[in-house]
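Asker: Taken in sequence, the protein lines are chains A and B. Numbers 3 to 418, taken from this note's numbering, label the letters of the first sequence in order. Numbers 3 to 418, taken from this note's numbering, label the letters of the second sequence in order.
In case anyone wonders, no lab produced these hints; they're calculated from the structure. Wrong hints could be hidden among the right ones.
Which copy is meant is left open, so a pair is good if it fits within one copy or across any two.
Claimed, not checked - Straight-line C-alpha distance at most 20 Å; calculated EDC-like pairs for lysine to aspartate or glutamate:
1. LYS228 with GLU18
2. LYS368 with GLU224
3. LYS165 with ASP175
4. LYS165 with GLU256
5. LYS368 with GLU326
6. LYS368 with ASP234
7. LYS228 with GLU19
8. LYS228 with GLU275
9. LYS165 with ASP257
10. LYS165 with ASP35
11. LYS165 with ASP39
12. LYS165 with ASP240
13. LYS228 with ASP252
Here the structure is a predicted model, which means the values were calculated and not measured.
There are 2 protein chains.
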Amino acid sequence: MLDRQAATAFVVSQGEELLSGQTLDTNANFLCDRLTDLGLRVLGAATAGDRTQDIADVLAASCARADVVICTGGLGPTADDLTAEAASEAFGRPIELRADALQQVEARYRRAGRVMADSNRRQAMLPRGCDLLENPVGTAPGFALDCSPARLYCLPGVPFEMKRMWADRVQPDLLDRLALRPPQRRLFRVLGRGESQLQDLLGDLPTLFPGVELGFRTSMPENQVKLVAEPDVPGLDDAAVLVRERLGRDLFSEDGGEELAAVVGGLLLRRGERLALAESCTGGWISHLIVTEAGSSRWFDRGWVTYSNQAKVQDLGVPLELLEAHGAVSEPCALAMAEGARARSGADWAVSVTGIAGPEGGSEDKPVGTVCFGVVGPGVQRTRRMQIPSRGRTPTRRFSAFIALDMLRRQILSPG
Amino acid sequence: MLDRQAATAFVVSQGEELLSGQTLDTNANFLCDRLTDLGLRVLGAATAGDRTQDIADVLAASCARADVVICTGGLGPTADDLTAEAASEAFGRPIELRADALQQVEARYRRAGRVMADSNRRQAMLPRGCDLLENPVGTAPGFALDCSPARLYCLPGVPFEMKRMWADRVQPDLLDRLALRPPQRRLFRVLGRGESQLQDLLGDLPTLFPGVELGFRTSMPENQVKLVAEPDVPGLDDAAVLVRERLGRDLFSEDGGEELAAVVGGLLLRRGERLALAESCTGGWISHLIVTEAGSSRWFDRGWVTYSNQAKVQDLGVPLELLEAHGAVSEPCALAMAEGARARSGADWAVSVTGIAGPEGGSEDKPVGTVCFGVVGPGVQRTRRMQIPSRGRTPTRRFSAFIALDMLRRQILSPG
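Throw the hints in and build the complete structure from the sequences for me.
Answerer: Structure below.
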């Protein structure tokens, strides 16, 4: 936790669908993350249902505690959209039809080629004295209200609209009004090292760079390293250089950077090379990760999901005798799968995965979680066998997909 | 909303990682859903950080409002695990070492073959007079406390542990103490009909079956129909029969039933038939959905991700002239892909998808979102061209994967 006295925030979510469990609230998480990034301390969060008095109580209590309150939801045109009324009640500001808000609502309907229903006038009924926050991507305008000492921002609940208005209107307003100087942050995304290894490797950073804080976060098999420092601390760039140096090839991406599949794609594109896949237990997950990246057709050629042994033999040319001698989950089979995929596609590189994702199919020799990988390319033939920490079929498959892509990444970066 | 006077609940989440945005709170959503299912009305939810006073304030305020309060998080062994202390403070119950709790913690460590650190004694320090809630899958025990008129349940924040303790301990205790008679619920999962069509089709149900409420929910391309009724309303089973009748083949699964891929797998298994896939724009997503289901090797043979045109020609035998005449995104190409996959695999059925997921690659003739499908099987050759409603590359690919599986499902159900 940073030392200086931070400005404080509170996040309010409004909607009966949140309290009935029908909708997972991702807005509060987004706002907590962004507010923290700006250097505010989030004191708490609350969810209110579709009752004006409940919403008013939550707004009044949170505005009494924090410098900034951000409320999402309840700005639509229907009778259960009550946020403006609740703010009116909580802070004694009469609600009134705002001509500028009405114009915005009407304009949005016109642009969409629709006629505004009378009920939509409701969306222009706002507490007196509020600042209108234009919604460039939806019909419901937002508003900001000074509720001394707090400033309250009310945004629509549709995540897409809320995020856009946060970026366009709320964040600049906050930076300006609170004269915020957000902390400096760096995020490093790592594969191949666990949290305790990272602690050993980087634990001296806060000593080497006073004022720089070090943090970790895990999303298996990825680990993340975070550096945070006050805006006037000078060493963060140097600390980041040291982190990069020490992490070496284990660092695959930085804050706001590419996903692993895109990193691999970038490496291949720069070399003008193409990739083929031979998947068994990952069952298309690696292909899926790759094709999720727009433009992957420039470097991804094709993939085989050879789930049955027959497919491994017929489509990839894995010798039947090899399967009989070593089994489908073996390094020789992984190698043969990758060789077959490379030869048949003509791609420069091929990656293969074959393993036992469970819950059935394990044996003493090859328990559930045994996964074999192959990477072949120009002058390259690598295999690897791993025991994936057992946390179920889907986590094992996900883990394997990332390991496979990462093996290729490392191979391209450090031939030989 | 049901009419009778419902028992009320409040959900509290504890953890600084929630307020910093580092962790998305899925516990509150789970609990809101389950509490609503039991017939309780959730009045609100709140999140508190790692400050004893904040947690105590939230616990006291929520116990003053609701019959049941469920709090998750803050039961671990470290100094920032403060929930027991906060409950002690909020309700004036001194905190004390509980011998039975300590035994449980020690036993968990013993079973894991580890020695309990002294710091773990902290997990056995609980408010006087509480009921211990055993944690069968983790070290942190939970507890329940009568905070008249409310009953407070404190559970660990690890979702896996929390859910297990909800099912084993909290739900039975609630049913018993509140003499709850949960409403009757039915959920129907539908493909091929939008919400307004479902409203037209089923809108008369509440009139035909007084006391039965009708609700909808969308997760494109799936729509869900919900029926809810008080426990003593007699017509729900009859209403469900009528819903099934009217939905016909558009109904693919019911509450607690199988995912779409598993439904398709069940149909194939019963016929002793196997499936092959030929994917282009879905890029392995259909394979991934299938292989996610344990045991899918009994009916899924293999898949091709023929992302390049060359792969379509080489691996699936799509004639080059066909590609030149119609393009890769065309019904003739989808048919040739499916035919090729079926012939080369020897599987009974093959499904193909080829489309323009965007953001690039669209044309006037074939805008982004144009997707063609093929299904071939014993005496069956079907194709379909669709314009997927544009909401981005990944939603378009997801939509297409579900449509493809659904085409196969319908074809098997209604040959000809």
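Asker: Hint by hint, note whether the structure agrees.
Answerer: Hint by hint, here is what the structure shows:
no.	hint	verdict
1	LYS228 with GLU18	between (36 Å within a copy, 16 Å between copies)
2	LYS368 with GLU224	neither (25 Å within a copy, 39 Å between copies)
3	LYS165 with ASP175	within (14 Å within a copy, 41 Å between copies)
4	LYS165 with GLU256	neither (22 Å within a copy, 34 Å between copies)
5	LYS368 with GLU326	within (15 Å within a copy, 48 Å between copies)
6	LYS368 with ASP234	neither (55 Å within a copy, 54 Å between copies)
7	LYS228 with GLU19	between (35 Å within a copy, 14 Å between copies)
8	LYS228 with GLU275	neither (33 Å within a copy, 51 Å between copies)
9	LYS165 with ASP257	within (19 Å within a copy, 33 Å between copies)
10	LYS165 with ASP35	within (12 Å within a copy, 26 Å between copies)
11	LYS165 with ASP39	within (15 Å within a copy, 31 Å between copies)
12	LYS165 with ASP240	neither (33 Å within a copy, 45 Å between copies)
13	LYS228 with ASP252	within (15 Å within a copy, 48 Å between copies)
The structure shown violates the earlier hints numbered 2, 4, 6, 8, 12.
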